[in-house]
Amino acid sequence: MNDGLLTIIFEDIYTYQQYKNRAKFLRETLVRRIFGSKDKDSDLSAHSQGNLWLSKNGGKIFQQFNKDNVYQILGDIDTAAKKLPVLTLYIPADLPDEEIDKLGLHIRNLIGKTILIDIKLDPSLLAGCALVWNGIYKDFSIKEAIDQKKEEILAQFRGFLR
Amino acid sequence: MPNEVFLIFPILFLAIVVFFVTQRSRGRRLEEHGDKGYQLLHQAIKKAQAIVGQAELEEIKIVSSSKVKTQKFEQEITKDLTQTAQLYTKYLEDLKKASTIAQDNTLEAIKQQASELFLKFEQKLSEFLAQTEQRSTQSIDLELQATRQLIDSYKQQQLKIIDENIVAMLEKTLSLVLPQKISLQDQVEMIYDALEKAKQEKFMI
Chain E
1 MNDGLLTIIF EDIYTYQQYK NRAKFLRETL VRRIFGSKDK DSDLSAHSQG NLWLSKNGGK
61 IFQQFNKDNV YQILGDIDTA AKKLPVLTLY IPADLPDEEI DKLGLHIRNL IGKTILIDIK
121 LDPSLLAGCA LVWNGIYKDF SIKEAIDQKK EEILAQFRGF LR
Chain B
163 MPNEVFLIFP ILFLAIVVFF VTQRSRGRRL EEHGDKGYQL LHQAIKKAQA IVGQAELEEI
223 KIVSSSKVKT QKFEQEITKD LTQTAQLYTK YLEDLKKAST IAQDNTLEAI KQQASELFLK
283 FEQKLSEFLA QTEQRSTQSI DLELQATRQL IDSYKQQQLK IIDENIVAML EKTLSLVLPQ
343 KISLQDQVEM IYDALEKAKQ EKFMI
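The listed protein sequences derive, respectively, from chains E and B. Taking this note's numbering, I'd label the letters of the first sequence as residues 1 to 162. Taking this note's numbering, I'd label the letters of the second sequence as residues 163 to 367.
Simulated from the structure, these hints should not be mistaken for lab results. Incorrect hints may appear among the rest.
To be verified - Partial chain B-side listing against chain E, Cβ under 7 Å, derived:
| id | residue |
| --- | --- |
| 1 | E333 |
| 2 | S337 |
| 3 | V339 |
| 4 | L340 |
| 5 | E351 |
| 6 | M352 |
| 7 | I353 |
| 8 | A356 |
| 9 | F365 |
Remember, it's a predicted structure, so these values are computed and weren't measured experimentally. Glycine included, each C-beta is placed from N, C-alpha and C at the ideal position.
Work out the full structure, taking the sequences as your base and the hints as a guide.
Written as structure tokens, this is what we have:
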């Protein structure tokens, strides 16, 4: 398995859940194609995004798989996916899939390598986000900004009360 | 045994003869004694009648003398009683006068004492009311002071609690308000700003 295959697989997916969906789609496609039925793509018609991705990259992908190495390579891809660095984001509100994709792309461009993002909800953050990277948690939300300005805020309130 | 039986009959015969002799002699003595008795009795009766006559004479004498004495005694008694009654009447009149005077004096003294008593009572009551008013005022002042201190202390405590929790209150308020006021686009922008800041701090190397 080469890094080019990984790059193709992860080119437009950013979360581990998206990867699992894609891996499942790829496995089913390859099994049908290599071992499968006469109508190779009939059951995959519902996977529009997967089909779109396959239509774009199918040639480069299929040439690397045969009946002897398909499971091996798929296993290697799974192992490699688990080793990818993960950036955990704590956000205060749920985002639609399109925004998650944009966010994922933006983060990859920021960091400059293939990573996965893990999004968790934390409404107490109010706005902004908190990040976990390499086991370190850092809060970049408005809640943290309020906590840092606590004394100033208290002084302002005391000015109102007295 | 038969000897004894034969002896009893003569003895009995002798006893009967003696008895009849004795009875006969007794009878003669009884007649003699009876005559003497009647004589004695007659003498006793005469003497008794003499004594009774004498007693009646003495009685008459005594009764007449006692009547005189009684009359005299009655006169003296009447005179004494009259004097005593006069004296007693006079005494009662004097007593009545003295009683009236004493009664008047007593009434006067009672009035005087009652007036003094009322006057003292009034003075004491005024003093007591003044003292009570003063004590009540002091007590109320102390209560007010204590209550003010309590209020101040409570206020300080509440302000302290507010100071301790004001940031939490602010965050809670914002958590209730912001989700309704911040749009999705603003949320996304703030996430991007946070990522930019993380990059500047070189958090994700």
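Do the hints match the structure? See the list:
no.: 1; hint: E333; verdict: holds (6 Å)
no.: 2; hint: S337; verdict: holds (6 Å)
no.: 3; hint: V339; verdict: violated (9 Å)
no.: 4; hint: L340; verdict: holds (5 Å)
no.: 5; hint: E351; verdict: violated (9 Å)
no.: 6; hint: M352; verdict: holds (5 Å)
no.: 7; hint: I353; verdict: holds (5 Å)
no.: 8; hint: A356; verdict: holds (4 Å)
no.: 9; hint: F365; verdict: holds (6 Å)
Figure legend: structure checked against the earlier numbered hints; hints not met, in rising order: 3 and 5.
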